[in-house]
Amino acid sequence: AQSVTQLGSHVSVSEGALVLLRCNYSSSVPPYLFWYVQYPNQGLQLLLKYTSAATLVKGINGFEAEFKKSETSFHLTKPSAHMSDAAEYFCAVSSNFGNEKLTFGTGTRLTIIP
Amino acid sequence: DTAVSQTPKYLVTQMGNDKSIKCEQNLGHDTMYWYKQDSKKFLKIMFSYNNKELIINETVPNRFSPKSPDKAHLNLHINSLELGDSAVYFCASRSRGSDNEQFFGPGTRLTVL
Numbered sequence: 001a002q003s004v005t006q007l008g009s010h011v012s013v014s015e016g017a018l019v020l021l022r023c024n025y026s027s028s029v030p031p032y033l034f035w036y037v038q039y040p041n042q043g044l045q046l047l048l049k050y051t052s053a054a055t056l057v058k059g060i061n062g063f064e065a066e067f068k069k070s071e072t073s074f075h076l077t078k079p080s081a082h083m084s085d086a087a088e089y090f091c092a093v094s095s096n097f098g099n100e101k102l103t104f105g106t107g108t109r110l111t112i113i114p
Numbered sequence: 001d002t003a004v005s006q007t008p009k010y011l012v013t014q015m016g017n018d019k020s021i022k023c024e025q026n027l028g029h030d031t032m033y034w035y036k037q038d039s040k041k042f043l044k045i046m047f048s049y050n051n052k053e054l055i056i057n058e059t060v061p062n063r064f065s066p067k068s069p070d071k072a073h074l075n076l077h078i079n080s081l082e083l084g085d086s087a088v089y090f091c092a093s094r095s096r097g098s099d100n101e102q103f104f105g106p107g108t109r110l111t112v113l
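Residue numbers (our numbering), protein chains in the order written: chain A, 1 to 114; chain B, 1 to 113.
If we strip away everything but chain B, and leave its shape as in the complex, we get (with noise of 0.2 Å):
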């Protein structure tokens, strides 16, 4: 009964590949994004998707790619792998009305060699 869940949990891959990362949450809200925590442990927004619609995309290279099938599904395709993709990229949902309280996924951490 986990409410947010990604996979895979490690991904470790060789520059200039392309890579999926998959977000899944249960709890049926409404509005998903993905953050990105660097080496220094540093949380960033990269986008937000509500009810499968970009709402928040922060200048994040084209080489990714937010894809949300459903409102329970947000994915994240990265083309063209570089050495500074490596990071631990977290998952979050919220509900409309929620305070903004988001709940977070367990995170992928994305080794590029």
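The following block holds chain A by itself, in its conformation from the complex (with noise of 0.2 Å):
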């Protein structure tokens, strides 16, 4: 079984400071892990995504994630945070085989303080 835990359902940042939102896995097979983004009223994007490669993962609008199995860690942090980020994030985990559904923590609320 597989599960995901973010710590902080909300985050405030202020706008131009460094954003850190958290997340744990539990996997017992070899993990993939991912970051979706979903702004209101709109469907999930990824971010990025972790598959066994490089451990840390640069995604898209500056977003970048470390895999760190030690930890069974997968933060997401931006240098530099603007209004637009201000979303929901999902951290998600799946297996790299077989059963492929995406398991996902409970989100984080991201807001950007002017």
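It is possible that part of the hints are untrue.
Not everything, but these chain B residues come out facing chain A in the computed CB check (under 7 Å) [as the list claims (entries may be wrong)]:
1. Phe42
2. Leu43
3. Ile45
4. Met46
5. Arg96
6. Asp99
7. Asn100
8. Glu101
9. Phe104
10. Gly105
11. Gly107
To give an idea of the interface, some chain A residues facing chain B are shown, with a C-beta separation under 8 Å as derived from the structure [as the list claims (entries may be wrong)]:
12. Tyr32
13. Thr51
14. Glu64
15. Glu66
16. Ser94
17. Lys101
18. Leu102
19. Thr106
It should be emphasised that the hints constitute simulated quantities derived from the structure, not laboratory data. Every residue, glycine too, gets a C-beta built ideally from N, C-alpha and C.
Two chains, two frames, some hints: make the complex.
Structure, rendered in structure tokens:
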């Protein structure tokens, strides 16, 4: 079984400040890990993914995440927040074989303070 | 040139009614999914089809019946709607060998009164 824990259902940062959204996973098999973003009343858009290649993954809109197996973490960061980053962010895990559903965390709402 | 589309975007209906949500993808993907997002934004898999064959059924009540007429379409039919069915339903698709990257539709907000 796989699971994802996102610490902090709400995170607020000032415009220009560092964004850090936390994600810890549990998986009995090598995982694939994803970050998706959901803007209000829209679908989910992939930000980035880890699929057992480089542990530091760069995504769209200046976001990146680092896979740390020893910490079972896949935290999302962005050096400088922009107002347009305000959205809901979801971390997700799947296995790399067999049942390939995505198991999502509960999401983190990111608010940007002007 | 929408990749994954869903209709309708909004659906308001009375308890006990039967309704359908349609999903189409023009990406040439083999696998399609239905996810449910509840009022707390929690997303959970409901079904998965691969090439018109049911692969995943996550203990969803049998009032929910997915139908895949071809690999580009995965529709969701819901019988005897209940208040607890109110949610946003997302369709997604994935190609074989894509590292399980799933492309999501815009969602259908279902409100049961």
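Failing hints, ascending? 4, 5, 14 and 15
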